[in-house]
Amino acid sequence: MSAVLEVENLRISFPDQERHRFYPVDGVSFTLERGRTLALVGESGCGKSLTSLALLRLVPAPGRIEAGSSIRLQDTDVLSLEGEALRHIRGRRIGMIFQDPMTSLNPVFTVGDQISEGVRAHFDVSRSEARERALRLLQEVGMPDPGSRLKTYPHQLSGGMRQRVMIAIALSAEPEILVADEPTTALDVTVQAQILEVLDHLRATRGMAVLLITHDLGIVAGRADRVAVMYAGQIVEEAPTAQLFARPSHPYTQGLFASVPRISGPVSRLIPIGGSVPPPTAWPEGCRFRPRCPKAFEKSELPPPLLPVGADHRMRCWLAEDAPG
Amino acid sequence: MTAVVDTLRRAWQNPRGRAGALVLAGVALAALLGPPLLPDPVAQPDLLHGVNLPPGLGHPFGTDQLSRDVFARVVSGARVSLAVSVLAMALSITLGAAIGLIAGYWGGTTDIVLMRLVDGALAVPRLFLLLLVLAAWERVPIGVLIVLIGTTGWFATSRLVRGEVLRLREESYIRAAEALGAPRRRIIFRHLLPNTLGLLLVAATLGVGEVILLEAGLSFLGLGIHPPTPSWGGMILEAKEVLVTAPWVGVFPGLAIVITVLSADLLGDALRDSIDMWRA
Amino acid sequence: MRRWLIRRTGQAVITLAVAVLLMFVLMRAAPGDPLTRLSGDRALSPAEIAVLRARYGLDQPLLQQLGAFLQGLLRGDLGASIEYGRPVTQLLAERLPASLLLGGTVLLVNFSVGLWLGSRQALRRGSAADRWLTVVSLIGFATPSFWLGLVLAWLVGVHWRLLPPAGMHSPLLDPGSGFLANGMDVVRHLILPALTLSLVSIAATMRYQRGAMLDALRLPYIVTARAKGLSDSRVIWRHAWRNAVFPVITLFGLWLPVLVAGSVFVESVFAWPGLGSLAAAAVGNRDYPLLMGASLLASSLVVLGSLLTDLAYGFLDPRVRLS
Numbered sequence: 001m002s003a004v005l006e007v008e009n010l011r012i013s014f015p016d017q018e019r020h021r022f023y024p025v026d027g028v029s030f031t032l033e034r035g036r037t038l039a040l041v042g043e044s045g046c047g048k049s050l051t052s053l054a055l056l057r058l059v060p061a062p063g064r065i066e067a068g069s070s071i072r073l074q075d076t077d078v079l080s081l082e083g084e085a086l087r088h089i090r091g092r093r094i095g096m097i098f099q100d101p102m103t104s105l106n107p108v109f110t111v112g113d114q115i116s117e118g119v120r121a122h123f124d125v126s127r128s129e130a131r132e133r134a135l136r137l138l139q140e141v142g143m144p145d146p147g148s149r150l151k152t153y154p155h156q157l158s159g160g161m162r163q164r165v166m167i168a169i170a171l172s173a174e175p176e177i178l179v180a181d182e183p184t185t186a187l188d189v190t191v192q193a194q195i196l197e198v199l200d201h202l203r204a205t206r207g208m209a210v211l212l213i214t215h216d217l218g219i220v221a222g223r224a225d226r227v228a229v230m231y232a233g234q235i236v237e238e239a240p241t242a243q244l245f246a247r248p249s250h251p252y253t254q255g256l257f258a259s260v261p262r263i264s265g266p267v268s269r270l271i272p273i274g275g276s277v278p279p280p281t282a283w284p285e286g287c288r289f290r291p292r293c294p295k296a297f298e299k300s301e302l303p304p305p306l307l308p309v310g311a312d313h314r315m316r317c318w319l320a321e322d323a324p325g
Numbered sequence: 326m327t328a329v330v331d332t333l334r335r336a337w338q339n340p341r342g343r344a345g346a347l348v349l350a351g352v353a354l355a356a357l358l359g360p361p362l363l364p365d366p367v368a369q370p371d372l373l374h375g376v377n378l379p380p381g382l383g384h385p386f387g388t389d390q391l392s393r394d395v396f397a398r399v400v401s402g403a404r405v406s407l408a409v410s411v412l413a414m415a416l417s418i419t420l421g422a423a424i425g426l427i428a429g430y431w432g433g434t435t436d437i438v439l440m441r442l443v444d445g446a447l448a449v450p451r452l453f454l455l456l457l458v459l460a461a462w463e464r465v466p467i468g469v470l471i472v473l474i475g476t477t478g479w480f481a482t483s484r485l486v487r488g489e490v491l492r493l494r495e496e497s498y499i500r501a502a503e504a505l506g507a508p509r510r511r512i513i514f515r516h517l518l519p520n521t522l523g524l525l526l527v528a529a530t531l532g533v534g535e536v537i538l539l540e541a542g543l544s545f546l547g548l549g550i551h552p553p554t555p556s557w558g559g560m561i562l563e564a565k566e567v568l569v570t571a572p573w574v575g576v577f578p579g580l581a582i583v584i585t586v587l588s589a590d591l592l593g594d595a596l597r598d599s600i601d602m603w604r605a
Numbered sequence: 606m607r608r609w610l611i612r613r614t615g616q617a618v619i620t621l622a623v624a625v626l627l628m629f630v631l632m633r634a635a636p637g638d639p640l641t642r643l644s645g646d647r648a649l650s651p652a653e654i655a656v657l658r659a660r661y662g663l664d665q666p667l668l669q670q671l672g673a674f675l676q677g678l679l680r681g682d683l684g685a686s687i688e689y690g691r692p693v694t695q696l697l698a699e700r701l702p703a704s705l706l707l708g709g710t711v712l713l714v715n716f717s718v719g720l721w722l723g724s725r726q727a728l729r730r731g732s733a734a735d736r737w738l739t740v741v742s743l744i745g746f747a748t749p750s751f752w753l754g755l756v757l758a759w760l761v762g763v764h765w766r767l768l769p770p771a772g773m774h775s776p777l778l779d780p781g782s783g784f785l786a787n788g789m790d791v792v793r794h795l796i797l798p799a800l801t802l803s804l805v806s807i808a809a810t811m812r813y814q815r816g817a818m819l820d821a822l823r824l825p826y827i828v829t830a831r832a833k834g835l836s837d838s839r840v841i842w843r844h845a846w847r848n849a850v851f852p853v854i855t856l857f858g859l860w861l862p863v864l865v866a867g868s869v870f871v872e873s874v875f876a877w878p879g880l881g882s883l884a885a886a887a888v889g890n891r892d893y894p895l896l897m898g899a900s901l902l903a904s905s906l907v908v909l910g911s912l913l914t915d916l917a918y919g920f921l922d923p924r925v926r927l928s
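As you go down the protein sequences, you meet chains R, L and Z in turn.
With my numbering applied, the first sequence corresponds to residues 1 to 325, in that order.
With my numbering applied, the second sequence corresponds to residues 326 to 605, in that order.
With my numbering applied, the third sequence corresponds to residues 606 to 928, in that order.
Pulled out of the complex, with its shape left as it was, chain R reads as follows (with noise of 0.2 Å):
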């Protein structure tokens, strides 16, 4: 079991119009291993496609990852790199895919010549081999018909095809690490569950890390390795699928659970979460969802750390201090 990607004490900071800063992203600390997957699942607003972004240095101006953040890919510090080293690490360590295919893609370029710009961005080859591996890629995701694909733009292809490709470019410099940003979030049902088996394929084959991003637990079941759930700019839980599934601990997460449908399983009534995800610039004091709490108590108002409540299994609430170790 190796770590591959260390990321310790993540915090990204944003101006407000009164040049305050403040915290989309507020120490978010994971490991990924290799040839393993791990799913960091939360609602639209948690900060999570910040904390993608920032692991290949990509926060937008004028966010800043803050002093006091660690992310470590083996042996390189990524936060100390600049020019030419930081471009070595932006897809030729980690590979990266976006959630809409459509505006993802460049419009005016071919996919091959998309798909072989990121080979040769890496590879010292020829075009004709940039081109010949452009087609193994297309191949290897599974895209139908693949060596006439390589001529066509991105607006002739469907959604499904356009995110192969999105997969494709993101293999082109052969990283280690795969990080999906809601890669299905955009595409139909049925074309979801294809791209998912994809992207295990290429974990299997490959035996890569990938970080899959999303808001819908569904998808994690079954794909992921371990589940790190985050709210309001913290992971606040954190456990391997299979355990967070049997017994989720935090009331976000167990709120998250109970506003989704099950196919299997006795049919119960949706419960969505009172409330909304608060905007960064005010995120509560004390336990950050301490205001859509159902179990609030007195002690929410101090900010819990990370908490153990079971073997390789910690949350981000006080009542952990209750539960048996």
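In case anyone wonders, no lab produced these hints; they're calculated from the structure.
Note that the structure is a prediction, hence the values are computed from the model and not measured.
C-beta: ideal position from N, C-alpha, C; glycine also.
Hints may contain errors.
[As the list claims (entries may be wrong)] Simulated coverage check for chain Z against chain L, where a stretch passes if three residues somewhere in it have a Cβ under 8 Å from a Cβ of chain L: (1) 611-624; (2) 895-909.
[Stated by the list, open to error] Label pairs and their in silico Cβ distance ranges: (3) Ser276(R) <-> Glu496(L): 26 to 36 Å; (4) Leu785(Z) <-> Gln390(L): 35 to 45 Å; (5) Pro508(L) <-> Gly709(Z): 47 to 57 Å; (6) Tyr498(L) <-> Pro308(R): 49 to 59 Å; (7) Trp765(Z) <-> Gln390(L): 19 to 29 Å; (8) Ala501(L) <-> Arg136(R): 55 to 65 Å; (9) Val791(Z) <-> Trp431(L): 46 to 56 Å; (10) Pro508(L) <-> Ser276(R): 35 to 45 Å; (11) Arg633(Z) <-> Gly432(L): 24 to 34 Å.
For this one, chain R is given, so just place chains L and Z on it according to the hints.
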């Protein structure tokens, strides 16, 4: 209406918009109040000793080849330029709004015919449209000049308004009003027109700058305002002959044009930004 | 694609036809008889006027005049110039090359310098350089071309004697001198008029390109390109710029009317022997057939330019090309 007031306020908060508005107001004020306090811009006081004097104490912008005070003529020219451009612009905007509303609201054949006409009209550079008509006049009366400039300036505005009307007609509140059987007049004057006011304001402000340049150009070609009435373009035409010996005669009216048009453009830009912000 | 091409071309033809009708109506609707302005030094006798009216077809009903005009137009006959007594088409053809040289140079400068500066502004949005470039280009936009031309001709041409202030060829140049010497001579004459027209029109390009580039840099595929590990310059100039240039191409169609009108002033100030100075002279001489011919040619250039723009857009943007 509050939308327009809001637009104006936000444009005023923009430093460049404010600078434009202030300078423009200054020019307008000078044009209104200045001429009675200044030397006669037409009379030729001293053809023996007062010709082509360089700028100095008595004549801040110098005098021209007919011994007239250039400063008085520039201020007096502001009167003509602003009057012509504001009136012509008002005519253009009214025509453009009316025809844009008609084309966008009635649609169908009316729309197609009107927009084909607009396409054709936009294909002839505005200057050439005016040259073709103005060449027939020995001395065009200023009223006719205003009407002609006004009637050749509405094409682009009508396109703009039509597009906005088409967009607005898809909005639910207008559809609701139509479904409830509100009379056309009410829909047009209560719903459509007020919503295009901001656009028209921007088009008018930017258009004033364009018309000042156009009028100056026509006068420079001898087709606009005729001497001895001072106009900025006409002054530059007359200054051509003394450009080498008395450059100030031509330089100052040109600077007046640049400053006035620039102010109108800055204000127009600020208004547009303000409307974009309001829409976003 | 082919159907779109045919439809777009048909549209251009209709537009031009409407423009021709409009110009004809405008000219005939103008008050007074064009011939009264012809009289020159002495008043014409009624008999002479009658002869002239018959010669120019002015005694016919308006519709017949239009018919005759259109027939001539289809034969490529625009009548004879009153001032020069020669066919209008011949005069226009003689003057076209000089105008194309001037206009082409200005387009080239606007496209290259304007796109470059506009892109730089977008990349350094909000910086002092960005703000200054905006102000300077706006000043250019607010400047009357004829005045700027006069000031430059006076300063550079007369006062400092750096460049010739007027004309296209130096009268002192030995007519037998070689191609290179002639070319350099024309270039020296070209600089001031081209500079004047570029300065007053470049603001539009810069502003458009700045906006388009800012829009392009905000799009998700830029993040994809960076995430691939491409260099900054490749991300900017290949991925963002290629997309930002499309909207600017349409600007080409909007420039042409501005350039055509601007050249009337700039060519007459610098005595550049092109269509613009010809049109200005036709106005001065009340030479109606010539003025009409010049207006027609200007409109045709505008329509053709906007057609070519659309076709180029369709050809360059795969989203249009392949649909």
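Do the hints match the structure? See the list:
1. 611-624: Answer holds; 7 residues pass the 8 Å Cβ test.
2. 895-909: holds (count 8)
3. Ser276(R) <-> Glu496(L): 26 to 36 Å: Holds, at about 27 Å.
4. Leu785(Z) <-> Gln390(L): 35 to 45 Å: 43 Å, holds
5. Pro508(L) <-> Gly709(Z): 47 to 57 Å: Given a distance of about 55 Å, which is inside 47 to 57 Å, the answer is holds.
6. Tyr498(L) <-> Pro308(R): 49 to 59 Å: 56 Å, holds
7. Trp765(Z) <-> Gln390(L): 19 to 29 Å: Hint holds: Cβ distance 24 Å, inside 19 to 29 Å.
8. Ala501(L) <-> Arg136(R): 55 to 65 Å: For Arg136(R) against Ala501(L), whose Cβ atoms are near 57 Å apart, the range 55 to 65 Å holds.
9. Val791(Z) <-> Trp431(L): 46 to 56 Å: 54 Å, holds
10. Pro508(L) <-> Ser276(R): 35 to 45 Å: Given about 43 Å between the Cβ atoms, the range holds.
11. Arg633(Z) <-> Gly432(L): 24 to 34 Å: Holds: the Cβ-Cβ distance is about 32 Å, inside 24 to 34 Å.
When each numbered hint is compared with the structure, no violation occurs for any of them.
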